[in-house]
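Can you build the whole structure from these sequences, using the hints too?
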Amino acid sequence: MSLNQKVADELYQIGEILAIKGDRFRSRAYNMAAQRVTALTEDIVSIADRGELEEIPGVGESIAMVIQEIIETGQSIVLEQLRDSLPKGVLQIIEVEGIGPKIAMRLNEELGITNLEELEQAAKDQKIRELKGFGAKKEKNILTAISEYRSRSTRFLLGEVLPIIQGIISYMRENPAVRKVEVAGSARRMKETVGDLDLLVSSLDPEAVTEHFCSMPPIVRVLGKGPTKSTVVLENMLQVDLRVIPPESYGAALQYFTGSKEHNVKLRTIGVKEGFKLNEYGLFRRENNELVEAEDEEKIYEALGMSWMPPELRENTGEIEAAIEGKLPNLVTFDRIKGDLHVHTNYSHAIHSLEEMVLKAIDMKLEYLAITDHSKSLAIAQGLTEEKLLQQIEEVRQIDEKYSEIKILTGTECDIKPDGSLDYSDDILEKLDWVVASIHVGMQREEKIITNRILSAIQNPYTRAIGHPTGRLIQKRNPYEVNLDRIFEAAANQNVFMEINCSPSRLDLKDVDARRAKESGVKMAIGTDAHSTSQMEFLPLGVAVARRGWLEPEDLVNTWEIDKILRFKK
DNA sequence: GCCGTTTTCGGCCCGACTGTTTTCAGTCG
2 MSLNQKVADE LYQIGEILAI KGDRFRSRAY NMAAQRVTAL TEDIVSIADR GELEEIPGVG
62 ESIAMVIQEI IETGQSIVLE QLRDSLPKGV LQIIEVEGIG PKIAMRLNEE LGITNLEELE
122 QAAKDQKIRE LKGFGAKKEK NILTAISEYR SRSTRFLLGE VLPIIQGIIS YMRENPAVRK
182 VEVAGSARRM KETVGDLDLL VSSLDPEAVT EHFCSMPPIV RVLGKGPTKS TVVLENMLQV
242 DLRVIPPESY GAALQYFTGS KEHNVKLRTI GVKEGFKLNE YGLFRRENNE LVEAEDEEKI
302 YEALGMSWMP PELRENTGEI EAAIEGKLPN LVTFDRIKGD LHVHTNYSHA IHSLEEMVLK
362 AIDMKLEYLA ITDHSKSLAI AQGLTEEKLL QQIEEVRQID EKYSEIKILT GTECDIKPDG
422 SLDYSDDILE KLDWVVASIH VGMQREEKII TNRILSAIQN PYTRAIGHPT GRLIQKRNPY
482 EVNLDRIFEA AANQNVFMEI NCSPSRLDLK DVDARRAKES GVKMAIGTDA HSTSQMEFLP
542 LGVAVARRGW LEPEDLVNTW EIDKILRFKK
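Counting along the first sequence from 1, when you hit position 341 you're at 342 in this note's numbering, and nothing is skipped either side.
Don't read these hints as lab results, they were simulated from the structure. You may find that some hints are simply not true.
As the list claims (entries may be wrong) - Computed list of lysine-lysine pairs in DSS-like fashion (alpha-carbon distance at most 27 Å, straight line):
| no. | residue 1 | residue 2 |
| --- | --- | --- |
| 1 | Lys138 | Lys103 |
| 2 | Lys278 | Lys339 |
| 3 | Lys408 | Lys339 |
| 4 | Lys192 | Lys477 |
| 5 | Lys300 | Lys192 |
| 6 | Lys278 | Lys230 |
| 7 | Lys274 | Lys300 |
What the hints assert, rightly or not - Restraint ranges, calculated between C-beta atoms of paired labels, are given here:
| no. | residue 1 | residue 2 | range |
| --- | --- | --- | --- |
| 8 | Gln6 | Val273 | 28 to 34 Å |
| 9 | Lys141 | Lys366 | 49 to 55 Å |
| 10 | Val223 | Gln6 | 45 to 51 Å |
| 11 | Gly23 | Cys215 | 46 to 52 Å |
| 12 | Thr74 | Glu208 | 53 to 59 Å |
| 13 | Glu288 | Glu448 | 53 to 59 Å |
| 14 | Met238 | Gly276 | 42 to 48 Å |
| 15 | Glu490 | Lys141 | 54 to 60 Å |
For every residue, glycine included, the Cβ atom is placed at its ideal position computed from N, Cα and C.
So this is what it looks like as structure tokens:
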């Protein structure tokens, strides 16, 4: 984990505990600062060295000191003290749906509950209903929520929820009372992981919509059901919130429920200064409650003195300031993507043949496709021997001849060996159009070693791109220790691309790193890393990462003509 | 704790639903 991320995490934790303690405003200050630190495109240590921590928006004297302390000692006394100030178990118990700080504190004080097991036992023994303000129903809900807490994974991958969203939207459209239906929240912002889904429906008949929604087949539990808001849990434990909105305030609701929370707080704060009130029903003048705009999301932003911005940017990482100044990036769009620069075939361990992958690419209207099977050392993935690779080159040439509508590149996803050399010799690499160099082994080594391996791969005259540059697997494996600033600097000098890998559990580079790479002058290349034809449809996930990284078409080489890409390397 | 073409002090975004209440606190997003 980079130090920026560590600092941000500690600030978030301080914010969370302050919220539990009821200190709303201080909590928000820490959350806002954490958000800004996450989005920094520069190493926070450099900023601290220049004494410019307080230049970071949302960081003042106190938080700057906390950051300085984390940089110097690796931890924060403030956080330690806050943790110690909470009764034991409170942080764990509030993870249970329906239990917040107040209830957790009372359960601790009045029943001595310090963990999930004791909470479950107390509910089973019917001890909780004896407390003032509690009843049998609350007790039952706690038991259900505990079992759900245990079975749910923390967050869902964007790549796995997008198909579910499509299914839900199709289902909702079956009901005639549904006018518009769309997903808001972090899924609309295309965040790499999604905690729950926020579904928005415009309708004149909320009751019909709610009934239809709550009888959707994969629902295992209805958590709440009101005239405008319902919450359900699907069988895979994904929670879905439905909001039913009158058509005239659809735009306001879309804005409101898309978030992020920090983006909205900032936006509404600006609104307050201008004499507005913004909620899910519209933008109002504070003095007389007169409606200014509600139907059109774009016009709401305009009324607040800024241009509309794509949901992917709404993280309060500078997009509001950019929108006010008219300096928003012209984000790359999926329809600009001409090719996929990283796919596997059954020459190595993937499912489909070379020709099947090509046919899929043609079906997707791609103009080029790079065939990049694993190299010989990666035995676990049936990496190609030199002979096998030469054989594949021949087949690629034949298929390239056969299908004139697409250019097929010969290539490899070549292992970067522990000594930093590539897995094939130069006379083999020379024969290839496209060399992606990736690390697959020795990922546990220290930062300096990993960084030097990648730097060495960048120096190789045949390396075109660095594959999945940080090696992380979302929620499964941390990125390896690597100094990205040095990597980006070298890549920019050598005209080597950084990959944005589209595999749902990789998305590597991730959004903030892509933004940082762009600032360093690095161009990025999207590759699906597809191991089957269907995985080539992960391409939009890479575009989502690029958009969240503020990338414009020129930053993403998949928008370039193939000749320009191949000429780029010096 | 942060911030300032209304402020260096006094503000700080906004609403829905539940369970337990007879008018609302707590939780959630």
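Tested hints:
1. Lys138 to Lys103: With a Cα-Cα distance of about 18 Å, the restraint between Lys138 and Lys103 holds, given a limit of 27 Å.
2. Lys278 to Lys339: 44 Å, violated
3. Lys408 to Lys339: 11 Å, holds
4. Lys192 to Lys477: 17 Å, holds
5. Lys300 to Lys192: 24 Å, holds
6. Lys278 to Lys230: 21 Å, holds
7. Lys274 to Lys300: This hinted pair holds, its Cα atoms lying about 18 Å apart.
8. Gln6 to Val273: 28 to 34 Å: 32 Å, holds
9. Lys141 to Lys366: 49 to 55 Å: 54 Å, holds
10. Val223 to Gln6: 45 to 51 Å: Hint violated: Cβ distance 37 Å, outside 45 to 51 Å.
11. Gly23 to Cys215: 46 to 52 Å: 34 Å, violated
12. Thr74 to Glu208: 53 to 59 Å: 58 Å, holds
13. Glu288 to Glu448: 53 to 59 Å: At roughly 57 Å between Cβ atoms, Glu448 and Glu288 fall inside 53 to 59 Å, so the hint holds.
14. Met238 to Gly276: 42 to 48 Å: Distance hint for Met238, Gly276 holds at roughly 44 Å.
15. Glu490 to Lys141: 54 to 60 Å: For Lys141 against Glu490, whose Cβ atoms are near 59 Å apart, the range 54 to 60 Å holds.
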